[in-house]
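**Q** The lines below spell out each chain.
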Amino acid sequence: MSETRLMKGNEAIGEAAIVAGCRYYFGYPITPQTELMEYMAKRMPQIEGVFLQAESEIAAINMVYGAAGAGARVMTSSSSPGISLKAEGISYCAGAELPCVIVNIMRGGPGLGSIQPAQADYFQATKGGGHGDHRNIVLAPNSVQEMADLTMLSFELADKYRNPVMLLGDGALGQMMEPVNLEEKPLVPQEKPWAANGQGERAKPNVINSLYLKPEQLEAHNIHLQNKYQKIMEQECRWEEFNVEDAEVIVVAYGITSRIARSAVEMARRDGLKVGLFRPISLWPFPSERLLTLAQQTKAFLVSELSAGQMIEDVRLATKQIKPVHFYGRMGGMMPSSREIYNQINLILKEKEAVK
Amino acid sequence: MTHEMILAGFGGQGVMVMGQLLTYAGMLEGAHVSWIPSYGPEMRGGTANCSVIISQEPIGSPIVTEATAVVAMNLPSFEKFESSLSPGGILILNSSLIDRKSKRDDIKTYNVPANEIASSLGDARMANMVALGALNAALGYVVDTSRIMEAFKKIFAKKPAIIAPNELAILAGNKHIAV
Amino acid sequence: MNSKLYARPESLADVPFHYCPGCQHGIVHRIIAEVIDELGVRKQTIGVAPVGCSVLAYDYFNFDIVQASHGRAPAVATGVKRVCPDSTVFTYQGDGDLASIGCAEIVHAAARGEKITTIFINNAIYGMTGGQMAPTTLVDQVTTTSPYGRNENQVGTPLCISEMLSTIQGARFIARVAVNNPSNMAKAKAAIKKAFQLQNSGEGFCLIEVLSTCPTNWGMTPVEAVKWLETNMIPQYPLGVFKDAGGE
Numbered sequence: 014m015s016e017t018r019l020m021k022g023n024e025a026i027g028e029a030a031i032v033a034g035c036r037y038y039f040g041y042p043i044t045p046q047t048e049l050m051e052y053m054a055k056r057m058p059q060i061e062g063v064f065l066q067a068e069s070e071i072a073a074i075n076m077v078y079g080a081a082g083a084g085a086r087v088m089t090s091s092s093s094p095g096i097s098l099k100a101e102g103i104s105y106c107a108g109a110e111l112p113c114v115i116v117n118i119m120r121g122g123p124g125l126g127s128i129q130p131a132q133a134d135y136f137q138a139t140k141g142g143g144h145g146d147h148r149n150i151v152l153a154p155n156s157v158q159e160m161a162d163l164t165m166l167s168f169e170l171a172d173k174y175r176n177p178v179m180l181l182g183d184g185a186l187g188q189m190m191e192p193v194n195l196e197e198k199p200l201v202p203q204e205k206p207w208a209a210n211g212q213g214e215r216a217k218p219n220v221i222n223s224l225y226l227k228p229e230q231l232e233a234h235n236i237h238l239q240n241k242y243q244k245i246m247e248q249e250c251r252w253e254e255f256n257v258e259d260a261e262v263i264v265v266a267y268g269i270t271s272r273i274a275r276s277a278v279e280m281a282r283r284d285g286l287k288v289g290l291f292r293p294i295s296l297w298p299f300p301s302e303r304l305l306t307l308a309q310q311t312k313a314f315l316v317s318e319l320s321a322g323q324m325i326e327d328v329r330l331a332t333k334q335i336k337p338v339h340f341y342g343r344m345g346g347m348m349p350s351s352r353e354i355y356n357q358i359n360l361i362l363k364e365k366e367a368v369k
Numbered sequence: 738m739t740h741e742m743i744l745a746g747f748g749g750q751g752v753m754v755m756g757q758l759l760t761y762a763g764m765l766e767g768a769h770v771s772w773i774p775s776y777g778p779e780m781r782g783g784t785a786n787c788s789v790i791i792s793q794e795p796i797g798s799p800i801v802t803e804a805t806a807v808v809a810m811n812l813p814s815f816e817k818f819e820s821s822l823s824p825g826g827i828l829i830l831n832s833s834l835i836d837r838k839s840k841r842d843d844i845k846t847y848n849v850p851a852n853e854i855a856s857s858l859g860d861a862r863m864a865n866m867v868a869l870g871a872l873n874a875a876l877g878y879v880v881d882t883s884r885i886m887e888a889f890k891k892i893f894a895k896k897p898a899i900i901a902p903n904e905l906a907i908l909a910g911n912k913h914i915a916v
Numbered sequence: 046m047n048s049k050l051y052a053r054p055e056s057l058a059d060v061p062f063h064y065c066p067g068c069q070h071g072i073v074h075r076i077i078a079e080v081i082d083e084l085g086v087r088k089q090t091i092g093v094a095p096v097g098c099s100v101l102a103y104d105y106f107n108f109d110i111v112q113a114s115h116g117r118a119p120a121v122a123t124g125v126k127r128v129c130p131d132s133t134v135f136t137y138q139g140d141g142d143l144a145s146i147g148c149a150e151i152v153h154a155a156a157r158g159e160k161i162t163t164i165f166i167n168n169a170i171y172g173m174t175g176g177q178m179a180p181t182t183l184v185d186q187v188t189t190t191s192p193y194g195r196n197e198n199q200v201g202t203p204l205c206i207s208e209m210l211s212t213i214q215g216a217r218f219i220a221r222v223a224v225n226n227p228s229n230m231a232k233a234k235a236a237i238k239k240a241f242q243l244q245n246s247g248e249g250f251c252l253i254e255v256l257s258t259c260p261t262n263w264g265m266t267p268v269e270a271v272k273w274l275e276t277n278m279i280p281q282y283p284l285g286v287f288k289d290a291g292g293e
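So the sequences go chain by chain: A, B and C.
Each residue of the first sequence is one higher than the last, beginning at 14 in our numbering.
Each residue of the second sequence is one higher than the last, beginning at 738 in our numbering.
Each residue of the third sequence is one higher than the last, beginning at 46 in our numbering.
If you are wondering where the hints come from, they were derived from the structure by calculation, not from laboratory data.
Among the hints, a few may not be true.
[Unchecked claim] Pairs of lysine to any residue, SDA-like flavour, derived with a Cα cap of 25 Å:
| # | chain 1 | residue 1 | chain 2 | residue 2 |
| --- | --- | --- | --- | --- |
| 1 | A | Lys227 | C | Leu101 |
| 2 | C | Lys239 | C | Ile72 |
| 3 | B | Lys895 | A | Thr47 |
| 4 | C | Lys88 | A | Pro202 |
| 5 | B | Lys817 | A | Arg352 |
| 6 | B | Lys896 | A | Thr17 |
| 7 | B | Lys890 | A | Gln59 |
| 8 | A | Lys217 | C | Leu84 |
| 9 | C | Lys238 | C | Ile279 |
| 10 | A | Lys244 | A | Glu258 |
| 11 | A | Lys205 | A | Gln243 |
| 12 | B | Lys891 | B | Ser775 |
| 13 | C | Lys88 | A | Trp207 |
| 14 | B | Lys890 | A | Glu253 |
[Claimed, not checked] Pulled from the structure, derived: some chain A residues nowhere near chain C, Cβ distances all over 10 Å:
| # | residue |
| --- | --- |
| 15 | Arg251 |
| 16 | Arg283 |
| 17 | Arg329 |
| 18 | Lys336 |
| 19 | Glu366 |
Note that beta-carbon positions come from the ideal geometry of N, C-alpha and C, so glycine has one too.
This is chain A alone, in the form it adopts within the complex:
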């Protein structure tokens, strides 16, 4: 039995991780994700889990690496600058194929930036973030309920593909409260015969490693990883559509911005304008194929992000620019209002009229 609770996004992630069987959390305080860490500090001891405040972001991700290497479901969380510190460790997890969940509650950058919500870590998250050819599965919730649902999915996908999964939220989603329903699912014990948890009854020792000194071996390992990434691209694209069927302009937005964009689309529809919303849920793999199909039927796209324009590059690549791709973004912790996005939609539609 589950009851509906009013929770902050950050707390919902924590509880959902526990429901998903995560019993190990390693983290370091940084705004605006600290509620998640504090939630874990409170909850983990109640369920005989491990909460450990690491000495740094770097130590935290390496504790994750160790715990994942020993076969546990494990999570860490941080916010933008802290994720930069974790980048090396994430690359090691990708290289050694360790399943783990990394939460980034994004804030404004670059540098120390601000503690206000932003979406300026899209490149970092979706293009790997660390050194070497690696990819993280990146999921972007847009509600507190989805913060919970996608956290649970993150653990599943991490184990399924032996790959790091990044849950990419922002300060607004982390801090906001909405009703959330955490459905308890029976936990399927994960067989991890590769884990380094002591040889025990195994015939041979296990080694967790990302070092391949011979170029032929490292290339073969990379080909193996790329094949895995290809499979993920084929199987794990997720998105949501709203009023796209007859839309002349499709707004593309993820996370908190997709909520604002949805209100703008509703506003436009009330005024009789044919506008829709396309929301990528998996940012990597990016739902490119579907966007290309939509490009064939719509007249223009408007990408809206809390950045100078990062996802827009993936939208341009996906749609092969057969239709114009416009951009409206705010930066530094500023949020667009629904009205601002609505005005941009109007501008695009008016340009189209003028061309006719």
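Following the hints, complete the assembly by docking chains B and C onto the known chain A.
**A** Quick look at chains B and C alone, frame taken from chain A:
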């Protein structure tokens, strides 16, 4: 009906918890709800505000920019958010701390001496509950007061002693609007 | 009946070491393997080897190994140990790794009283990258990045890790040993064994610092290297037990 509200004051006036109680009560009523704070340096002494939405429809943006109701607990909040109200909107103004009147004639303003009412009930810190009661009454009871109290008991489970006085504060806010 | 007087420990894999002639990593590897065999914990041991000459430790040891990034072995071992509290978890780290880039991790593992064992190889130089200055490099010692000798006015003086960590309350057992002669080897083995035993009885963080030679990067023959260690390193880094919190 969608209620899009901004509750604002200075840090320590309890505007965040006021918003959370309203949101929680809305959820208990079965409505779609959201609460989002404006946080940051403002958390520490400046103006603090939160957006609350209670709606029969799924909620798009949780950030309110065109409000159906605003509660201003101090002067900076009044100055900042008076213009955010849509025509026909409701303004609850804490007249204990705001000596100005709204110049807008397309909104409905209620001047509520929240601090004085709360003090008369024994604790000026309950001004937020007086304002909450006033807001709920002015909105024609978007949530039942019993739901607010249910939420209050959950949030303040460790402080049972404060339940009764705070309920009185909410009722006093209700009454001020009814008069 | 024949009896075997000298055999390869089961915890050591049957492959030749890649280490340079006269390097003492091989001796320390063997001591660790013997100790793990003697304690009968091979099947529940997980070693953590970060970046450095010992990065290939997973080829030499016959038990589970987690390879770690530079300096982070204590954090990785923390993750492993928290998941497998009944296992024997140790890190094997060099001086560049532990005393420089990984200084924070080792200090905080000790502060937490993390129930792991650290074998710290101090040879006063970066070996794998070809002989650069380490925090443990002696004053006036020539390395490729201190070509005129370590200048203490510019880059300070050697970091004495055992002394430093022994000030930390969470540290259970801290000792410095050397493997320059049979007598010291026996003492080294006894200390390493004690460090593992204390871990297995759940008593807390233990670190054994092993003074070690690097003839290749020191530019010496193996015999000269042992002499240099005895005349230069041991005076700077005295051998002995620095902390034995439950001490007899």
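**Q** Provide an ascending list of the numbers of those earlier hints which the structure does not satisfy.
**A** 10, 14
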